[in-house]
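Keeping the supplied structure of chain D fixed, place chain W upon it in accordance with the hints.
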Amino acid sequence: MSSLSPAVVAAINDLELAARLVVEGMRVGGHRSPFRGHGAEFTQHRVYRPGDDLKHLDWKLFGRSDRLFTRQYRETTNVAVMIVLDTSASMMFPEKGLSKFRYGSIIAAALAHLVSEQGNAVGLITMNNGKLAYLPTRGGKPHLRALIARIDRLTPGGAFDPAQVIARGAELLSRRGLVIVISDFYDNEDDTRRELRHTVQRGHDVAMLQLMSDDERVLPYKGQVEFEDLESGERRLIDAGSISAAYKQSVDDFLSRCRTGAARDGIDYALVRTDTPPEKALRDFLLRRNLGMAHAHVPMATAK
Amino acid sequence: MIWQNLWALTGLSLLALPVLIHMLSRKRAVLQKFPTLRFLNVTRLLPTRSPNLTDIPLLLVRLATVAAAVFALAQPLWLSASRKQSLNASLARVIVVDTSRSMRGVLANGTSALDSARALATTLATDASTSVVLQTASPSNVLAGAGAWLNTQGGRGDVVLVSDFQAGAVDSAALAGVPQQFGVRAIRLGTVPTTNSGIFLHTARTNVTATADSARIGAEWTLASGVASSVVLLSALGDRAVVDAARDAANVVTSPSAPDTSKLVAIVFPGAAEVATLTQAAKVPSAPWMGEALVDVRENEMLSSSAASETLTDTVIGSPFAIVARSRTGAPVVYAAQSTVNGGNRLVFFQRGSASALSSAALIAAVSTSIGVASDIPESETSALSDDALRRLERTARAVGAGSSASDQRATTRSGLSDGRWLWIVVLLLLGVETWMRRKVRDNSLLEVA
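For the record, the sequence lines run as chains D and W. Under this note's numbering, the first sequence has 155 at position 155, and the numbering climbs by one with no breaks. Under this note's numbering, the second sequence has 1263 at position 263, and the numbering climbs by one with no breaks.
Treat each hint with caution, since some may be false.
Here are the in silico distance ranges between beta carbons for each label pair [what the hints assert, rightly or not]:
(1) W:Arg1038 with D:Trp59: 50 to 58 Å
(2) D:Val218 with W:Met1023: 30 to 38 Å
(3) W:Arg1038 with D:Ala133: 23 to 31 Å
With a Cα cut of at most 20 Å, we get these calculated SDA-like pairs of lysine to any residue [what the hints assert, rightly or not]:
(4) W:Lys1440 with W:Thr1065
(5) D:Lys222 with W:Lys1084
(6) W:Lys1033 with D:Met92
(7) D:Lys222 with W:Leu1031
(8) W:Lys1283 with W:Val1295
(9) W:Lys1033 with D:Lys131
(10) D:Lys222 with W:Asn1041
(11) D:Lys96 with W:Val1030
(12) W:Lys1033 with D:Ser242
(13) W:Lys1033 with D:Gly97
(14) W:Lys1033 with D:Arg235
(15) W:Lys1033 with D:Glu95
(16) D:Lys55 with D:Thr43
(17) D:Lys248 with W:Gln1032
(18) W:Lys1033 with D:Ser250
(19) D:Lys131 with D:Gly157
(20) W:Lys1440 with D:Gly223
(21) D:Lys222 with W:Ile1056
(22) D:Lys60 with D:Arg49
(23) W:Lys1033 with D:Gly223
(24) D:Lys96 with W:Asn1041
(25) W:Lys1084 with W:Ser1418
(26) W:Lys1033 with D:Asp214
(27) D:Lys222 with W:Phe1039
To be clear about the criterion: a stretch of chain D counts as covered by chain W if any three or more of its residues have a C-beta under 8 Å from a C-beta of chain W, and this derived list gives those stretches [stated by the list, open to error]:
(28) 123 to 130
(29) 228 to 235
What the hints contain is simulated information worked out from the structure, not anything from laboratory work. Since the structure is predicted, the reported quantities are computational estimates derived from the model, not experimental observations. Heads up, the beta-carbon is just placed ideally off N, CA and C, and yes, glycines get one too.
With the rest of the complex left out, here is chain D:
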């Protein structure tokens, strides 16, 4: 199936249909779940590398072969995935075409679809009109439909405190699970990062999907432009052409901070550009998780 362009996806009003199309589009054959649970089914041995947890060393094999091997496991239990969706006003950008919020909604719905299809539990937490709104993690199609319908009813705008939402989402996971945060991460950068770190420290797997449009990255405007902050309404008259280089540098710095912070805290991070077909963005994200599960995050994945 060919990739669905963002414009085509934006034209599909039915979020469930869009999510299913995205999921179908990224499906390239049977594959293992990218959502690592904490089951204990042994899968294979791997040569020990310094830093591996010593408790996963196969001492018996060491006795037989005189070589160090680490035991690897595959999940055997269902994983609970809590999706955190940013509904702040900044997500309404760009006003024309596919907004970040719509793009994030499709990604969230597609993830929920994927998670639910693989027999896992999925939940949603966000803020709607300034109040926390969530669906607990459950499996099954009825729950999936309710979740997608809830996403579809969300309207961006109003207050959104990412730290509070993430904290509450992590609390709602009764056991260790996966928290996927879909946001532009503009709001309360330090608090958000601290809360993400806390979530990881509480044993949850955390993934950041940072959405950004091209116009936000390169500031293509020229001449005098009066910018209005979508969240605060503040206006600033700026000679856009003269600051575009400095702006791009600032944005790159910000993205770099997000990326390095995530890596430091053991968080999956993916920068998703809204001009990328959603299924491609999702596939890239999931492939990276699979690779991470196989390599970079093996110690975490094998932890019991």
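Positioned in the frame of chain D, the structure of chain W alone reads:
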């Protein structure tokens, strides 16, 4: 193509306005909603004015709009063949009727040349779309005014002269007062012969006795035998000799031209037995010639100066009498009305002064001059312009679209025709395009400022 409001083209100077607006207009910042301002640092703003013209297509549309509006105000008119034909169908005409005394002669059909001229003028007037009839004893003097009036009318026009065309009455210098684009027609009506016949008008009903010696040449005019005078002098019996003397004196100062016997006049001197009867039967003059005779007599300088020297008591002369001459103190000396004498209607002049007064002789002279065919020197011209000379004076009216833009402009203005409405439609279309372009610029101004 004719511009009916040529002055409106000065409005083309307004074309500078859109250029100036484009050069001086401040650039308007475009409002752009943005997720966050945290990375947008305040910078020094660009100058809001640019010496370079911006948005050339929009400027061109605006220039075209202004130009089309100016052209529309100038009311252009495309002179097609049908329009030329229509415009040429309208004709302004001035008919100049010569009312000099030479025109009072009776034509072969029994009517006076002047009456025939007036009737002809009425007919000529109905042939034109706009016309005016000028009746004057000096046609040359009114030609410039006629030309000016035609100029105000615009379009085709002509001057029709109805006269006997005594030699010297109208010449090319006088006709120069009529602009070249207007036509000139000459219609001869009168009794003046085109060849010099020597003594004019006196040959038929007057006798001339010429005397000559070594010192002087003299001539005496007397009415031919059998020719009755149309002037009756009524006086007291005792004044008869004085009245004859006054008549003789009058004959000295004026030539006894052949009187028009259709014009009956009476002069009543003080003491005449008929005064009471004539006064009682008096009424307002009813014949046109009576009015003309009254005016002529009133304007007679010799009568007015001699009457001024009269010393008479003031009295009130009311209707139907018309005062013809007054003394220096304002007392009426001569007054007139229509009355019945011997069963016929006559114009009766009442002389209050003595029959022996100078004003009596002057009154007789003025009356006989006024009802005579010709007596003053210009009117004594014995020949008229030849037909060839008349043809040389004539010219045809220039048609609309034949080269004179000023007259064409007036003609088309008077017609009310204009192609300006098509330009107004163009203006509306251009305004629509301009609005569309402005909106497009605004919509596209995410990247550019207008």
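Okay, the hints, checked on the actual structure:
Distance hint check for W:Arg1038 and D:Trp59: the Cβ-Cβ separation is about 54 Å, which falls inside the suggested range of 50 to 58 Å. Taking 30 to 38 Å as the suggested C-beta distance range, the pair D:Val218 and W:Met1023 conforms, at roughly 32 Å. In this structure the supplied range 23 to 31 Å holds for W:Arg1038 paired with D:Ala133, their Cβ-Cβ distance being about 27 Å. For the proposed pair W:Lys1440 and W:Thr1065, the alpha carbon gap of about 18 Å is at most 20 Å, so the pair holds.
As the CA atoms of D:Lys222 and W:Lys1084 are separated by approximately 59 Å, the hinted pair breaks the 20 Å bound. With a C-alpha separation of about 10 Å, the suggested pairing of W:Lys1033 with D:Met92 holds against the 20 Å cut-off. A hinted pair counts as satisfied when its Cα atoms are at most 20 Å apart, and D:Lys222 with W:Leu1031 qualifies at roughly 12 Å. Of the supplied pair hints, the one linking W:Lys1283 and W:Val1295 holds, its CA atoms being roughly 17 Å apart against a limit of 20 Å.
Proximity of W:Lys1033 to D:Lys131 is assessed by CA-CA distance (about 25 Å); at most 20 Å being required, the pair is judged violated. A C-alpha spacing of about 15 Å is found between D:Lys222 and W:Asn1041, which places the hinted pair at or below 20 Å, so the restraint holds. A hinted pair counts as satisfied when its Cα atoms are at most 20 Å apart, and D:Lys96 with W:Val1030 qualifies at roughly 16 Å. With a CA separation close to 19 Å, the supplied pair W:Lys1033 and D:Ser242 stays within the 20 Å bound.
For a cut-off of 20 Å, the pair hint linking W:Lys1033 to D:Gly97 stands: about 14 Å separates their Cα positions. Restraint check: the Cα-Cα separation between W:Lys1033 and D:Arg235 comes to about 9 Å, which is no more than 20 Å; the hinted pair holds. Using a Cα cut-off of 20 Å, the hinted pair W:Lys1033 and D:Glu95 holds, with the two alpha carbons roughly 8 Å apart. Only pairs whose Cα atoms come within 20 Å are accepted, and D:Lys55 paired with D:Thr43 is accepted, the gap being roughly 16 Å.
Between the alpha carbons of D:Lys248 and W:Gln1032 the distance comes to roughly 17 Å, so the proposed pair stays at or under 20 Å and holds. A threshold of 20 Å between alpha carbons decides the hint, and for W:Lys1033 with D:Ser250 the separation of about 19 Å falls inside it, so the pair holds. Restraint check for D:Lys131 and D:Gly157: the C-alpha separation of about 12 Å stays at or below 20 Å, so the hint holds. Between W:Lys1440 and D:Gly223 the CA atoms are separated by roughly 17 Å; this keeps the pair inside 20 Å, and the hint holds.
A C-alpha spacing of about 19 Å is found between D:Lys222 and W:Ile1056, which places the hinted pair at or below 20 Å, so the restraint holds. A distance of roughly 17 Å separates the Cα atoms of D:Lys60 and D:Arg49; the hinted pair therefore holds under the 20 Å criterion. Our distance criterion of 20 Å between C-alpha atoms is met by W:Lys1033 and D:Gly223, whose separation comes to about 15 Å. With a C-alpha separation of about 25 Å, the suggested pairing of D:Lys96 with W:Asn1041 is violated against the 20 Å cut-off.
For the proposed pair W:Lys1084 and W:Ser1418, the alpha carbon gap of about 13 Å is at most 20 Å, so the pair holds. This hinted pair checks out: W:Lys1033 and D:Asp214 have alpha carbons roughly 15 Å apart, not beyond 20 Å. Restraint check: the Cα-Cα separation between D:Lys222 and W:Phe1039 comes to about 16 Å, which is no more than 20 Å; the hinted pair holds. Residues of the region 123 to 130 of chain D lying with their CB closer than 8 Å to a CB of chain W number 0, which falls below the three-residue condition for coverage.
A count of 7 residues in the region 228 to 235 of chain D with a Cβ less than 8 Å from any Cβ of chain W is obtained; the coverage claim is therefore met, three being the minimum.
Checked against the numbered hints above, the structure breaks hints 5, 9, 24, 28 and satisfies the rest.
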